[in-house]
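Peer 1: All chains, full assembly: derive it from the sequences and hints.
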Amino acid sequence: MQGNAACAEGALAAGCRFFGGYPITPSTEIAETMARRLPKMGGVFISMEDELASIAAVIGAAWTGARAMTATSGPGFSLMMENIGYAAMTETPCVIVNVQRGGPSTGQPTRAAQGDMLQCRFGSHGDYSIIALTPNSVQEMFDLTVKAFDLADRFRVPTFLMADEIVGHMRERVTIPDAVDVTSRRPLAEGCLPFEAGNDGVPGFAPFGLGRSVHVTGLTHDERGYPDTTDPGAHDRLVRRLVAKVESARRDIADYEVTNPDAETVFVTYGPPSRTVEQVMRDRPDDSIGHLRLRVVWPFPEFALQEFGNAKVFLMPELNMGQMVREVQRHVDQPVIPLEKIGGELHTPAELVRALEAHR
Amino acid sequence: MRHEVRFSGYGGQGIILSAVILGRAAALYDDKYAVQTQVYGPEARGGASMGQVVIDDAPILYPEVADPDIYVIMSQQGFEKYGVRARPDAVMVLDADLVRSRPACRHHEVPATAEAKENLGREIVANIVMIGALVAATGIVSREAIERAVLDSVPRGTEDLNLRALKRGFELGERACNL
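Heads up: the sequence lines are chains A and B, in that order.
My numbering puts the first residue of the first sequence at 2, with every later residue one more than the last.
My numbering puts the first residue of the second sequence at 9, with every later residue one more than the last.
You may find that some hints are simply not true.
Stated by the list, open to error - Below, simulated DMTMM-like cross-link-like pairs (lysine to aspartate or glutamate); rule was C-alpha separation at most 20 Å, straight line:
#1 B:89 / B:117
#2 B:89 / A:253
#3 A:342 / B:72
Unchecked claim - What follows is a list of derived Cβ distance ranges for each label pair:
#4 B:130 / A:219: 54 to 62 Å
#5 B:95 / A:182: 42 to 50 Å
#6 A:258 / B:75: 36 to 44 Å
#7 A:255 / B:9: 30 to 38 Å
#8 B:64 / A:106: 33 to 41 Å
#9 A:214 / B:161: 48 to 56 Å
#10 B:159 / A:335: 50 to 58 Å
#11 A:200 / B:160: 47 to 55 Å
#12 B:9 / A:177: 22 to 30 Å
#13 B:74 / A:253: 34 to 42 Å
#14 A:344 / B:161: 46 to 54 Å
Claimed, not checked - Some chain B residues near chain A, calculated using beta-carbon distances under 8 Å:
#15 31
#16 43
#17 46
#18 92
#19 126
#20 159
I should point out that these hints are in silico values taken from the structure, not numbers from a laboratory.
Yeah, the Cβ is synthetic: ideal placement off N, Cα and C, and Gly gets one too.
Peer 2: Structure (structure tokens):
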């Protein structure tokens, strides 16, 4: 099965019943699959007029109680930024898939990149936090899409599947379970205000039509949901909670693999470059190479770096000019070397072996 | 053992589908691992098209094709763009009438398009003839697996035609090897 189809199947398995989108290479097969499958499952597929409207429709659908998603690539992702901030501010659970291609602008439609990793974290204005996952196989296109819906609901936050053309278009064998566990979202408790958070910083969710009257606004609001735009304290409390509900749960959200924690030379990867590193490690089994592979990149699990107690150097292959490497650099004292590559092709094993020899 | 197979021809011949069918045969019916990737762009239809498959007994880590050991080439342009740099120990199966050049590596000439047009009555199954010849010449997957993968992948009502094309491909592949 193709990665994009596996993503759509993962969404359907997780109970997604609304897709609003505008097709764009290399994500189009997700929309195609959803358009074919959703109506037969009682769901809704809407081809929207553009990506800003697509994410707006997804936010609206989420507020009716549906699990909702959209899928796009770089140019459409840029257009979505305004309403992604709205989703963060209104604490709307939704899943946004970005099958990354070469940018900036329309760039390379049919080539892979990981150039939107900081945009997904910081692309909309103001302070907020999000969750982002990075699949490296067709199986993970399924599994991490399911997980994205789970996290979006648990934390009431826009959650991103940051895929790329490689995992979107490759075909591999995939195992689809008969049913998947999806944590149900916590309903708003009787007597609680609509934006009154529990100890975890996450308010219960009261979608429209279930008897609770909820005012939803992108303006700074109080626990009732009503605008309170001039009180510094109200803004401070709200925005700090929006950030803290995700950041303080970093260990809970984290999903990563550690290989050879005693190694002195450590690769840090996410997405497809992880597979090149795994190939290098299989080809050179005597080498003491460490590998930290992130499946969740945001919130960034800085504590995972501490598992490599003997590390002398970190090497970070990315399909961009060095984005997540900045995050690693600010958390460790050792040198962190970006192994940047743009143009659309994955690092080859030979390239990483050369880097290994140059930097050990 | 890891094998890297590259298919090339012109857009419309079913090059990518050929790669998908081979990958499906390996991954679903021969209990191996396979990753299929492709290069495509707005120029694909009529231009050089390329699809590739990695097949291994072990899980496949690096998913892309770096240096194929097996080629299936169905057009001159495809040969020039994707086949001309084949390594000396590679094996190439080529459509005898559509590819004028011959590589330095071991190669098998299969008149797949002529066979499809003249004896099978439908040029469109030339890629299935090539797949049959590939399997007969290399044993990269079993004949049973490729048969099931072809049946999974072709439109309803064309199963007999495609199976005949596949079997004709087996025969042409065997014959090409004995030359």
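Peer 1: Does each hint fit the structure? Answer for all of them.
Peer 2: Now the hints, each set against the structure:
1. B:89 / B:117: 19 Å, holds
2. B:89 / A:253: 49 Å, violated
3. A:342 / B:72: 15 Å, holds
4. B:130 / A:219: 54 to 62 Å: Because 59 Å falls inside the window, the suggested range holds.
5. B:95 / A:182: 42 to 50 Å: At 48 Å between Cβs, range holds.
6. A:258 / B:75: 36 to 44 Å: 28 Å, violated
7. A:255 / B:9: 30 to 38 Å: 37 Å, holds
8. B:64 / A:106: 33 to 41 Å: Given range 33 to 41 Å: holds, Cβ gap about 38 Å.
9. A:214 / B:161: 48 to 56 Å: At roughly 54 Å between Cβ atoms, residue 161 of chain B and residue 214 of chain A fall inside 48 to 56 Å, so the hint holds.
10. B:159 / A:335: 50 to 58 Å: Holds: the Cβ-Cβ distance is about 55 Å, inside 50 to 58 Å.
11. A:200 / B:160: 47 to 55 Å: Given a distance of about 52 Å, which is inside 47 to 55 Å, the answer is holds.
12. B:9 / A:177: 22 to 30 Å: For residue 9 of chain B and residue 177 of chain A the Cβ distance comes to about 29 Å; the hint holds.
13. B:74 / A:253: 34 to 42 Å: 39 Å, holds
14. A:344 / B:161: 46 to 54 Å: Distance hint for residue 344 of chain A, residue 161 of chain B is violated at roughly 32 Å.
15. 31: At 6 Å from the nearest chain A Cβ, residue 31 of chain B passes the 8 Å test, so the hint holds.
16. 43: Holds: closest Cβ of chain A sits about 5 Å from residue 43 of chain B, inside 8 Å.
17. 46: Interface hint status for residue 46 of chain B: holds (7 Å vs cutoff 8 Å).
18. 92: 19 Å, violated
19. 126: 33 Å, violated
20. 159: 17 Å, violated
Violated hints for the displayed structure, listed by number in ascending order: 2, 6, 14, 18, 19 and 20.
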